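Q: Quick note, the sequences are listed as chains A and B, same order. For the first sequence, this note's numbering assigns the number 4 to the initial residue and increments by one for each residue that follows. For the second sequence, this note's numbering assigns the number 30 to the initial residue and increments by one for each residue that follows.
Source of the hints: derived by calculation from the structure; they are not laboratory data. Honestly, I wouldn't trust all of these hints.
What the hints assert, rightly or not - Cross-link-like lysine to any residue pairs, in silico, SDA-like; alpha carbons within 25 angstroms at most:
#  : chain 1 : residue 1 : chain 2 : residue 2
1  : B       : Lys42     : A       : Gln45
2  : A       : Lys64     : B       : Lys42
3  : B       : Lys42     : A       : Gly44
4  : A       : Lys71     : B       : Glu132
5  : B       : Lys86     : A       : Gln5
6  : B       : Lys86     : A       : Ile14
7  : B       : Lys42     : A       : Leu49
8  : B       : Lys86     : A       : Ser29
9  : A       : Lys64     : B       : Glu137
10 : B       : Lys86     : A       : Ala4
11 : B       : Lys42     : A       : Gly31
12 : B       : Lys86     : A       : Ser17
13 : A       : Lys64     : B       : Glu132
14 : B       : Lys86     : A       : Lys64
15 : B       : Lys86     : A       : Lys71
16 : B       : Lys86     : A       : Tyr28
17 : A       : Lys64     : B       : Phe134
18 : B       : Lys86     : A       : Tyr30
19 : B       : Lys86     : A       : Ala32
20 : A       : Lys64     : B       : Leu124
21 : A       : Lys64     : A       : Ala4
It should be emphasised that the depicted structure is a prediction, and the values quoted were computed from it without experimental measurement.
Here's the letter readout for the chains.
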Amino acid sequence: AQSVTQPDIHITVSEGASLELRCNYSYGATPYLFWYVQSPGQGLQLLLKYFSGDTLVQGIKGFEAEFKRSQSSFNLRKPSVHWSDAAEYFCAVAPSGSARQLTFGSGTQLTVLP
Amino acid sequence: KAGVTQTPRYLIKTRGQQVTLSCSPISGHRSVSWYQQTPGQGLQFLFEYFSETQRNKGNFPGRFSGRQFSNSRSEMNVSTLELGDSALYLCASSLNAGGLTGELFFGEGSRLTVL
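So that you can see chain B by itself, here it is in the shape it has in the complex (with noise of 0.2 angstroms):
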């Protein structure tokens, strides 16, 4: 079956603007969780949804925000973005939320420039 799908791969950004990133879970998971990955901080969690819902939110400011849709696909947004922002954002999805089902499937990232 299908892994978790990131789009765009790829984009560039200036300061200021705002981004808005798409992943779409494996078909059948109905957690997805975001990271950020960046040279200097490593890889950061940013958030989880759960059926429409936040469950857990990581140290970002509130530029960072997400949602999931009703088919469990979803996006995240960075408003007012910065040089620091520039980052790959990871995408991933398990099949619950609660329990032992550990395992994430991550995506291939989507890789943010901001200039």
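Here chain A stands alone, though its shape is the one from the complex (with noise of 0.2 angstroms):
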């Protein structure tokens, strides 16, 4: 079966520093991989989503995420924090050829410090 792995379930960062938020998948093949975004009594809002093709993946609001297959790993990073950035970033898999039925990480709540 496969799984998500985030390892830091709190992380805190200063305004302006740089970010980044560790997932490790388990999976027979490669899955497609997201990060989604929840802010406190709100849904979850897609940061980026990696299908297959360049492992660099661009997404909203100033997010990157590099796939690597032989760490199982799938990263997030942004290179200047804001204060609006804080919120709970899970990162999800999914069987390839049904993006819909999703399995996601326990979360990493992100605190911006001013």
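Take each chain as given, in its own frame, and dock them per the hints.
A: Next up, the structure:
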């Protein structure tokens, strides 16, 4: 069965600092990969997705992620964090061909210090 | 255009009761998926509907059921509620059921509290 691990439950960074959120997955083949963000009381918003091709994926709000097959990782990065980026971030995988049946990681809560 | 609309946003029920949650997808979207979010189990896939047919189902007991109507609106029902059913139930819609149309658009959820 597929699984997703987000090893960092909570990360705190200062505004303007760089950010990297880690995500590792376990799946027999190359899955579809996603990062979502959830603000308090809100639903999930898609930041970016990887299906195939270029392993460096650009998303919204200045985020990017890199797929590394050898490490089974899909880490999310942002060069300069803004206070509005404070939220919970979820990595998710789906089997190729069924992009709506997502398996989510446990999430990383991001706090941004002024 | 309007996003995914879920009703009600908040509700409180007691053990043994049943509950029905509603989801209106984005106009033109034909696939609706449901997820349960709890602090302990995180986000878990419940089921997916496309063209009024259940396409996939997660590992939940038969007390959890759903349906989709011809206008793509969907409902999910939980019978004989248990305390552990307290959760945020998220609905998501997408344009199609096949291929690479992988973006799920999520609603804000229905928060169910079971007392």
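Q: Next step is simple, just say for each hint if it's right about the structure.
A: The hints, checked one at a time:
With a C-alpha separation of about 22 angstroms, the suggested pairing of Lys42 of chain B with Gln45 of chain A holds against the 25 angstroms cut-off. Restraint check: the Cα-Cα separation between Lys64 of chain A and Lys42 of chain B comes to about 39 angstroms, which exceeds 25 angstroms; the hinted pair is violated. Distance hint between Lys42 of chain B and Gly44 of chain A is fulfilled; the C-alpha atoms sit about 20 angstroms from each other, no more than 25 angstroms. This hinted pair checks out: Lys71 of chain A and Glu132 of chain B have alpha carbons roughly 21 angstroms apart, not beyond 25 angstroms.
For a cut-off of 25 angstroms, the pair hint linking Lys86 of chain B to Gln5 of chain A stands: about 15 angstroms separates their Cα positions. Using a Cα cut-off of 25 angstroms, the hinted pair Lys86 of chain B and Ile14 of chain A is violated, with the two alpha carbons roughly 33 angstroms apart. Only pairs whose Cα atoms come within 25 angstroms are accepted, and Lys42 of chain B paired with Leu49 of chain A is rejected, the gap being roughly 31 angstroms. Taking the CA atoms of Lys86 of chain B and Ser29 of chain A, the gap is near 20 angstroms; set against the 25 angstroms cutoff, the hint holds.
In summary, the hint linking Lys64 of chain A to Glu137 of chain B is supported, as the alpha carbons are separated by about 20 angstroms, within the 25 angstroms threshold. The hinted pair formed by Lys86 of chain B and Ala4 of chain A meets the criterion: a straight-line CA distance of about 15 angstroms does not exceed 25 angstroms. The straight-line distance between the Cα atoms of Lys42 of chain B and Gly31 of chain A is roughly 41 angstroms, outside the 25 angstroms bound, and the hint therefore fails. Between the alpha carbons of Lys86 of chain B and Ser17 of chain A the distance comes to roughly 41 angstroms, so the proposed pair goes past 25 angstroms and is violated.
Proposed proximity of Lys64 of chain A and Glu132 of chain B is supported: the alpha carbons are some 16 angstroms apart, at most 25 angstroms. Among the hinted pairs, Lys86 of chain B with Lys64 of chain A is inconsistent with the structure: their alpha-carbon atoms are about 33 angstroms apart, more than 25 angstroms. Restraint check for Lys86 of chain B and Lys71 of chain A: not satisfied, since their Cα atoms lie roughly 30 angstroms apart, outside the 25 angstroms limit. Of the pairs offered as hints, the one joining Lys86 of chain B and Tyr28 of chain A holds, with about 21 angstroms between alpha carbons and a cut-off of 25 angstroms not exceeded.
Annotation: proposed proximity of Lys64 of chain A to Phe134 of chain B holds, straight-line Cα distance about 17 angstroms (limit 25 angstroms). For the hint pairing Lys86 of chain B with Tyr30 of chain A, the CA-to-CA distance comes to about 19 angstroms; that is within 25 angstroms, so the pair holds. At most 25 angstroms may separate the alpha-carbon atoms for a hinted pair to count; Lys86 of chain B and Ala32 of chain A meet this at roughly 21 angstroms. Note on Lys64 of chain A and Leu124 of chain B: the hinted pairing holds, with a Cα-Cα distance of about 23 angstroms set against a maximum of 25 angstroms.
For the given pair, Lys64 of chain A sits about 32 angstroms from Ala4 of chain A by alpha-carbon distance, which is inconsistent with the 25 angstroms threshold.
Violation of the numbered hints given earlier is confined to hints 2, 6, 7, 11, 12, 14, 15, 21; the remaining hints are satisfied by the structure.
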